[in-house]
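So the protein lines, in turn, are chains Z and A. Under the working numbering, read the first sequence as residues 5 to 200, first letter to last. Under the working numbering, read the second sequence as residues 5 to 200, first letter to last.
There's no promise every hint is true.
Chain copies aren't distinguished; within one or between two, either way the pair holds.
As the list claims (entries may be wrong) - Taking lysine-lysine and the DSS-like style, the derived pairs with C-alpha atoms no more than 25 angstroms apart in a straight line are:
(1) Lys53 to Lys37
(2) Lys109 to Lys59
(3) Lys155 to Lys109
(4) Lys71 to Lys109
(5) Lys163 to Lys53
(6) Lys87 to Lys53
(7) Lys53 to Lys20
(8) Lys125 to Lys194
(9) Lys59 to Lys87
(10) Lys37 to Lys87
(11) Lys37 to Lys59
Hints in this document: simulated from the structure, not taken from any laboratory. All values reported here derive from a predicted model rather than from experimental measurement.
Next come the chains, spelled out residue by residue.
Number of protein chains: 2
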Amino acid sequence: MSKVIEQIEQTMQEMKSLAQIASQREGHFITSKVYECHLNCGRVIFREKLLKNGKDGSATIIVPFTKDNRILVVVEPRVFTRKTVGVGFPAGYIEEGEEAVMGAKRELLEETGYNAEEFIKLDEFYQDEGCSSALNRIFLALNCEKVKEQKLDRDEIVKYFECTLDEVLELERRGYIEGANSKLAIMKVKEYWKGR
Amino acid sequence: MSKVIEQIEQTMQEMKSLAQIASQREGHFITSKVYECHLNCGRVIFREKLLKNGKDGSATIIVPFTKDNRILVVVEPRVFTRKTVGVGFPAGYIEEGEEAVMGAKRELLEETGYNAEEFIKLDEFYQDEGCSSALNRIFLALNCEKVKEQKLDRDEIVKYFECTLDEVLELERRGYIEGANSKLAIMKVKEYWKGR
Numbered sequence: 005m006s007k008v009i010e011q012i013e014q015t016m017q018e019m020k021s022l023a024q025i026a027s028q029r030e031g032h033f034i035t036s037k038v039y040e041c042h043l044n045c046g047r048v049i050f051r052e053k054l055l056k057n058g059k060d061g062s063a064t065i066i067v068p069f070t071k072d073n074r075i076l077v078v079v080e081p082r083v084f085t086r087k088t089v090g091v092g093f094p095a096g097y098i099e100e101g102e103e104a105v106m107g108a109k110r111e112l113l114e115e116t117g118y119n120a121e122e123f124i125k126l127d128e129f130y131q132d133e134g135c136s137s138a139l140n141r142i143f144l145a146l147n148c149e150k151v152k153e154q155k156l157d158r159d160e161i162v163k164y165f166e167c168t169l170d171e172v173l174e175l176e177r178r179g180y181i182e183g184a185n186s187k188l189a190i191m192k193v194k195e196y197w198k199g200r
Numbered sequence: 005m006s007k008v009i010e011q012i013e014q015t016m017q018e019m020k021s022l023a024q025i026a027s028q029r030e031g032h033f034i035t036s037k038v039y040e041c042h043l044n045c046g047r048v049i050f051r052e053k054l055l056k057n058g059k060d061g062s063a064t065i066i067v068p069f070t071k072d073n074r075i076l077v078v079v080e081p082r083v084f085t086r087k088t089v090g091v092g093f094p095a096g097y098i099e100e101g102e103e104a105v106m107g108a109k110r111e112l113l114e115e116t117g118y119n120a121e122e123f124i125k126l127d128e129f130y131q132d133e134g135c136s137s138a139l140n141r142i143f144l145a146l147n148c149e150k151v152k153e154q155k156l157d158r159d160e161i162v163k164y165f166e167c168t169l170d171e172v173l174e175l176e177r178r179g180y181i182e183g184a185n186s187k188l189a190i191m192k193v194k195e196y197w198k199g200r
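Full structure from sequences and hints, please.
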């Protein structure tokens, strides 16, 4: 096992949930709204729309390549998964009125302190098309360089590591990368490099 | 353009939302619950978990190949997307206590009336790992045959079509297949066939 994968495993150990207690706090992040939809064929159907923080919840996923061709991966608590910790790529919600690529730039900088010379959009997809408008965009970020420190929200915990592409693929094979966003991003990066 | 893609386009026209009206009905499908998570490193974080119908919302996605090597795709209203209609594969939530493969078998039968001789699990992934436990499974369904009629819920509208793999890839390229579930399923099917 490579040194960086060992470090990632160690970090996953540290971030593991030892206990999860159902809280009395009310959640305000996730809400929903019902719509009556009139279809062209004459039928009327009702559908419930998932909102996050009152918005669609569209996100960007960034696959950052450094100048020496390493990929930045992030480790974060993913408390509702089996491992309670996940490995993936920098990602985050696009803010109101923000262009997707600016969201990608901002999230990369916040989560890792890296800046990219170029962003290339690889694909976009609906995260949960049955009940949400969240349209996520995958960006490749090229020639990334560390320019400042991480700037995380109070409740946010993110550690990042530099991996080779082979190490990223190994992390997926071993089941450390389990999220739809990161898995789709890996596929699209593979397609992109193959096509060149 | 192939005949079946023309038929799919026509069906998409029929299912299009002409109007969507915010309803006074309260949504009961989407709810959330807050958890206080105690991490190994000593930190305590709060995370809100998305529930669908009070459950995790894990789903199966089925890529059905018929005996003559056609793939069944489904067209459904996806009212919260730009097109308001989506093309994808049969899919649905796994029921309480149901094994994933049984959910796949049931959903395929309900949405299309087809039965498969064999189900092969291709992959699994978290649909929205930041705020949900939904663990979706992708199945390849082989040697499918029509055995009965569709059996849809009252509010469900699903039409299915038999396509070649090339037509499925064309549907994705043209932006008709836009959901994370279906896009990941296509990738995994491509990998599967290449590996054989």
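Here is what the structure says about each hint:
1. Lys53 to Lys37: both (5 angstroms within a copy, 17 angstroms between copies)
2. Lys109 to Lys59: within (20 angstroms within a copy, 35 angstroms between copies)
3. Lys155 to Lys109: within (13 angstroms within a copy, 47 angstroms between copies)
4. Lys71 to Lys109: Close inside one copy (16 angstroms), not across copies (48 angstroms); limit 25 angstroms.
5. Lys163 to Lys53: The answer is between: 22 angstroms across copies meets 25 angstroms, while 32 angstroms in one copy does not.
6. Lys87 to Lys53: between (29 angstroms within a copy, 16 angstroms between copies)
7. Lys53 to Lys20: between (32 angstroms within a copy, 17 angstroms between copies)
8. Lys125 to Lys194: both (14 angstroms within a copy, 22 angstroms between copies)
9. Lys59 to Lys87: Answer is between: at 19 angstroms across copies they meet the 25 angstroms cutoff, but 29 angstroms inside does not.
10. Lys37 to Lys87: between (32 angstroms within a copy, 19 angstroms between copies)
11. Lys37 to Lys59: both (11 angstroms within a copy, 19 angstroms between copies)
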